[in-house]
Amino acid sequence: MAITESDLKPEPSAVDEPALRTAGLSVRFGGITALDEVAVEIRPGEIVGLLGPNGAGKTTLFNAISGFIKPDAGRVLLDGNEIQDLFPYERVAAGLGRTFQHVKLFRGLTVEENLLAAQHRHLRSGAVAAMLRLPSWRRDEDEARERVEQMLQMVDLRPWRNRYPWELSYGTVRFLELAAVLSLRPKVLLLDEPATGIQQKEVEALGPLLKRVRDEVGCAIFLIEHDMGLLMGVSERVYALDFGKLIAEGTPQEVTADPRVLESYLGRTRRVLHSEEADGA
Amino acid sequence: MTAVTAAETAIAEPDAGVRARGVSLGRLRISRSRAIAGAVLLGLGFIPVVVPHHDFWMYIGAYIAVWAMLELSIVVVTGFAGMISLMPFTFVGIGCFASGVAVSVWGWPFWLAVPFAAAATVPVSIAVGAASVRLKGLYLAIATLTFGNALGETLFKWNAFTGGQQGHTIVRPKLGVLSFRGDFSFYVLAMLVALLLVWMVHGLKASRVGRAMLSVRDNEREAQALGINAIKTKLTALVIGGAIAGVGGAFYLALLRTAAPAGFQSPYVEISSVLLVVWAVIGGIDSAFGAFLGATALIVQQQVYQGVGERLGAWLGLYAAAILVVFLITRPGGLVQVVKIQRERIHSDRIRGGIETFVILAINVVIVYLILHFGK
Amino acid sequence: MVLATAALPVVEVASFGLAKGAVFALLALGLVLIYRTTGVTNFAHWGIGLSGIVIYFLLTSKAHTPTPLAAIISIVACAAIGAISYRLVFRYVKRTNQLVLILIALGVAQFFAALTAWGFGFEPTTIVKPWLPVSNIKVGTAEVQSTQVIAAVVAVVISLLFMAWFRYARTGRALRAVAQNREAASLAGIDEHRYSMIAWAIGSALAGLALLLIIPHTSGQSGGVITTGDTTPFGTFLIPAFGAALVGGLVNLPLAVVGGFIFGLAQEMLILAPSPWGGLRSTIAAILIVILLLMHMERFFVARAELEALEA
Chain V
1 MAITESDLKP
11 EPSAVDEPAL
21 RTAGLSVRFG
31 GITALDEVAV
41 EIRPGEIVGL
51 LGPNGAGKTT
61 LFNAISGFIK
71 PDAGRVLLDG
81 NEIQDLFPYE
91 RVAAGLGRTF
101 QHVKLFRGLT
111 VEENLLAAQH
121 RHLRSGAVAA
131 MLRLPSWRRD
141 EDEARERVEQ
151 MLQMVDLRPW
161 RNRYPWELSY
171 GTVRFLELAA
181 VLSLRPKVLL
191 LDEPATGIQQ
201 KEVEALGPLL
211 KRVRDEVGCA
221 IFLIEHDMGL
231 LMGVSERVYA
241 LDFGKLIAEG
251 TPQEVTADPR
261 VLESYLGRTR
271 RVLHSEEADG
281 A
Chain D
1 MTAVTAAETA
11 IAEPDAGVRA
21 RGVSLGRLRI
31 SRSRAIAGAV
41 LLGLGFIPVV
51 VPHHDFWMYI
61 GAYIAVWAML
71 ELSIVVVTGF
81 AGMISLMPFT
91 FVGIGCFASG
101 VAVSVWGWPF
111 WLAVPFAAAA
121 TVPVSIAVGA
131 ASVRLKGLYL
141 AIATLTFGNA
151 LGETLFKWNA
161 FTGGQQGHTI
171 VRPKLGVLSF
181 RGDFSFYVLA
191 MLVALLLVWM
201 VHGLKASRVG
211 RAMLSVRDNE
221 REAQALGINA
231 IKTKLTALVI
241 GGAIAGVGGA
251 FYLALLRTAA
261 PAGFQSPYVE
271 ISSVLLVVWA
281 VIGGIDSAFG
291 AFLGATALIV
301 QQQVYQGVGE
311 RLGAWLGLYA
321 AAILVVFLIT
331 RPGGLVQVVK
341 IQRERIHSDR
351 IRGGIETFVI
361 LAINVVIVYL
371 ILHFGK
Chain A
1 MVLATAALPV
11 VEVASFGLAK
21 GAVFALLALG
31 LVLIYRTTGV
41 TNFAHWGIGL
51 SGIVIYFLLT
61 SKAHTPTPLA
71 AIISIVACAA
81 IGAISYRLVF
91 RYVKRTNQLV
101 LILIALGVAQ
111 FFAALTAWGF
121 GFEPTTIVKP
131 WLPVSNIKVG
141 TAEVQSTQVI
151 AAVVAVVISL
161 LFMAWFRYAR
171 TGRALRAVAQ
181 NREAASLAGI
191 DEHRYSMIAW
201 AIGSALAGLA
211 LLLIIPHTSG
221 QSGGVITTGD
231 TTPFGTFLIP
241 AFGAALVGGL
251 VNLPLAVVGG
261 FIFGLAQEML
271 ILAPSPWGGL
281 RSTIAAILIV
291 ILLLMHMERF
301 FVARAELEAL
311 EA
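Protein chains in written order, with this note's numbering: chain V, 1 to 281; chain D, 1 to 376; chain A, 1 to 312.
Read the hints as simulated data drawn from the structure, not as lab findings. For every residue, glycine included, the Cβ atom is placed at its ideal position computed from N, Cα and C. Be aware that a few hints might be false.
[What the hints assert, rightly or not] Heads up, simulated PhoX-like pairs for lysine-lysine below, C-alpha to C-alpha not over 20 Å straight-line:
| id | chain 1 | residue 1 | chain 2 | residue 2 |
| --- | --- | --- | --- | --- |
| 1 | D | Lys-232 | D | Lys-205 |
| 2 | V | Lys-104 | A | Lys-94 |
| 3 | A | Lys-94 | D | Lys-136 |
| 4 | A | Lys-129 | A | Lys-62 |
| 5 | V | Lys-245 | V | Lys-70 |
| 6 | D | Lys-340 | D | Lys-205 |
| 7 | V | Lys-104 | D | Lys-136 |
| 8 | V | Lys-201 | V | Lys-211 |
| 9 | D | Lys-232 | D | Lys-136 |
[What the hints assert, rightly or not] Covered, in the sense of this in silico footprint (three residues per stretch, anywhere, with C-beta under 8 Å from a C-beta of chain D), are these stretches of chain V:
| id | region |
| --- | --- |
| 10 | 118-130 |
| 11 | 219-228 |
| 12 | 245-259 |
Okay, chain V solo, but in the shape it has when bound (with noise of 0.2 Å):
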């Protein structure tokens, strides 16, 4: 299955800027530090991981940089712009694209409903062309439903168009929400543990399908994950985050290797694989 659609990559970016750079990132909530001084880099077309314990920030970097937290100090930049102070929606005009940790998607929509949702970026008539079924809304509607047309065979969800995700497995809901950020044609791309909670055989698939899908779309991935064979597998760089301080950088096998980020797993006695328990901040 080949994701090969040129309507998928995002508009070009200016080739030396960084896709995504953050500097001096902070976030503090009432005494606790979640993030701190946190400059991160990821470059055009990139694949860069992220680990560290739980509890250590990481998923508290991703909202700042989308937008789900206000930092305290810090600047966020999307292909040399500053998007800090950007609401969400806004990032994701900007060229950001995120899934979250724990899936959820609209239950009330369809599988193909979802996707329409996500073409929302995309479409421009308002409510009144809607509820009059003016030209525009009719144009709307015929081009997004052949892109979720388009999207749904690509992805291989056509026969599970008209279920709902709730009745899908885990697996498949995560590749639904891929899917999905997928259509807003991101530059940069967040991924929270896209291998938690999916079994083991589609893991493994997981690492080839990252690969294609920066192929092709063009877009770099930033991604957090506590499964070493993925992260290990798909990054190209790795940062290490421990108590919101970036404390190691490098390649995969360097991170790994490198002594305090040994200590910050075992020193806090939690398992590296697989943690069942929510990563909160």
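Given chain V's structure and the hints, the job is docking chains D and A onto it.
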């Protein structure tokens, strides 16, 4: 997922393919069940015309049409956008008195008063929208309850707006030579407007804006992550819902010819608002057609109550409240969901499904009959 | 309830305000208990309490039961009614669908509205005998009803006792465990349904007591009057009671009690206020409530985990 296709990992069985049995009307294809439903409704629509006492029945029909409009506003605000508002009847009141002022004080024709009534709801919709930014779910419900309460004490006691304690009195509209004063003509007018609004709201659901509302309802965070401006979406829903309620309010006044502000003050306004929301849920909270079903059920119930007097009405009230609770627990999707489930049951096992459906209907009919017969 | 409000001096109004505050406080206490333990906003709270008054009325007027005994029986009856409501209805409602949960609570409220209207025989007014000793107490130059003072004192005492029980007693602690984490509680061997029923029973008993403290005593020796406005789903007291509960974010007990007294006093003292303000009581209460809602008071009081448990 090349090695493992979605097909192998999904829990549900895939659909074999879309059944395509339907009726063609030119370019429009209508599914068979929709065609049947449409024909039935058209037939029902004619009943008031042919039965005896038809002016009463047409009044009931017009009543249903007006209440369907009111229910539609809830479908948009709560059904589509997921905001729990316990003040819909206050919006109806705004439309009612705004049109009352326009027609009886300023001398406007009804046709101008209706859009004016819709526009008059906008400021209040925006106020609720502002609250909805920070308040969700239960909190928003409580806030709207208190808004309705407060407006009842302030806006609906402002005599210039309400026309004093008796309220405004208007005559039903005329359009050139066409007069809608008569029962039949007003019934047709109200029904046409209601159907138009149902059509419009239905169209809204299958559109970019409509799906944005449904997304925000189901998972606001995910909606934002997919590029949807949640605040704007909710505000749009509130303004549209408010406007529909405003239009309904204008027709409400035209139906009753006069409306007193007391009905929009505490404690009646809360009761009516809750009633509207409850029956919208019974019809099917996110279905435009459900609004019509809910309105019909509501009026039927009201008529039964009024017919039987207060004592029996309380017995029926007990029964109805109990049934309501059971209904809400087992079929939160409302009558629309009941229809859907029964259709599926009938489809998968004609005999058993049919018997089940019949039994459900029969039990209810029998109980109501018993109450009516022996409760005296 | 009908009460003349012509030019009353401050002390008397304040006294009545305290009595009302006592009622709001006890109602709010029950609301918070039920909400925290079972996640249900009990719109039927008033209706259940009023059902207790119906039983009181029937006992005292038809069965000629001595009024204090009737009062006790009514409170117990309220507890039973509350427990049954949970067992038959709320136990089966999934917490996820907020709208349906609210509507079911409203439906149950309507059920009790109809039940109580029937219980009172559909009369436009019904007279209920008092059970507390009725006399006038002189406070300076003013005269204050003994029942109002007793109501306030009883409310404070019961609240304190209840809060202590909730915090220290075994059953109380079990209730708190259920409130915080239903799954963990059941893993620890606590039967969440049994304790939910207990929460509803106690909360409803508090409602019954609250109404018994005021309704039979609004007209002094002749008792109290129940009008048709009382047999509506929210009655006359439920919204301010919710307001009081919101002072504590629907989760904090002491603040709910304090909030109750504040709302009661404020509501009555406004009668003394110059002309426009007095008539705006509902509006002022509404503004207060919205401010409380916006402040999201609950974030000050409970751990995030419990908040999420309430919303999940």
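Against the structure, the hints:
Taking the CA atoms of Lys-232 of chain D and Lys-205 of chain D, the gap is about 16 Å. The hint holds against a cut of 20 Å. Using a Cα cut-off of 20 Å, the hinted pair Lys-104 of chain V and Lys-94 of chain A holds, with the two alpha carbons roughly 17 Å apart. Of the supplied pair hints, the one linking Lys-94 of chain A and Lys-136 of chain D holds, its CA atoms being roughly 18 Å apart against a limit of 20 Å. Only pairs whose Cα atoms come within 20 Å are accepted, and Lys-129 of chain A paired with Lys-62 of chain A is accepted, the gap being roughly 12 Å.
At roughly 17 Å between alpha-carbon atoms, Lys-245 of chain V and Lys-70 of chain V fall within 20 Å of each other, so this suggested pair holds. Using a Cα cut-off of 20 Å, the hinted pair Lys-340 of chain D and Lys-205 of chain D holds, with the two alpha carbons roughly 18 Å apart. At roughly 19 Å between alpha-carbon atoms, Lys-104 of chain V and Lys-136 of chain D fall within 20 Å of each other, so this suggested pair holds. A hinted pair counts as satisfied when its Cα atoms are at most 20 Å apart, and Lys-201 of chain V with Lys-211 of chain V qualifies at roughly 17 Å.
Annotation: proposed proximity of Lys-232 of chain D to Lys-136 of chain D holds, straight-line Cα distance about 15 Å (limit 20 Å). Note: the region 118-130 of chain V has 11 residues with beta-carbon separation from chain D under 8 Å; the three-residue rule is met and the coverage holds. Counting residues of the region 219-228 of chain V whose CB falls under 8 Å from any CB of chain D gives 0; the rule of at least 3 is not met. Counting residues of the region 245-259 of chain V whose beta-carbon sits less than 8 Å from any beta-carbon of chain D gives 0, not enough to reach three: the coverage restraint is violated.
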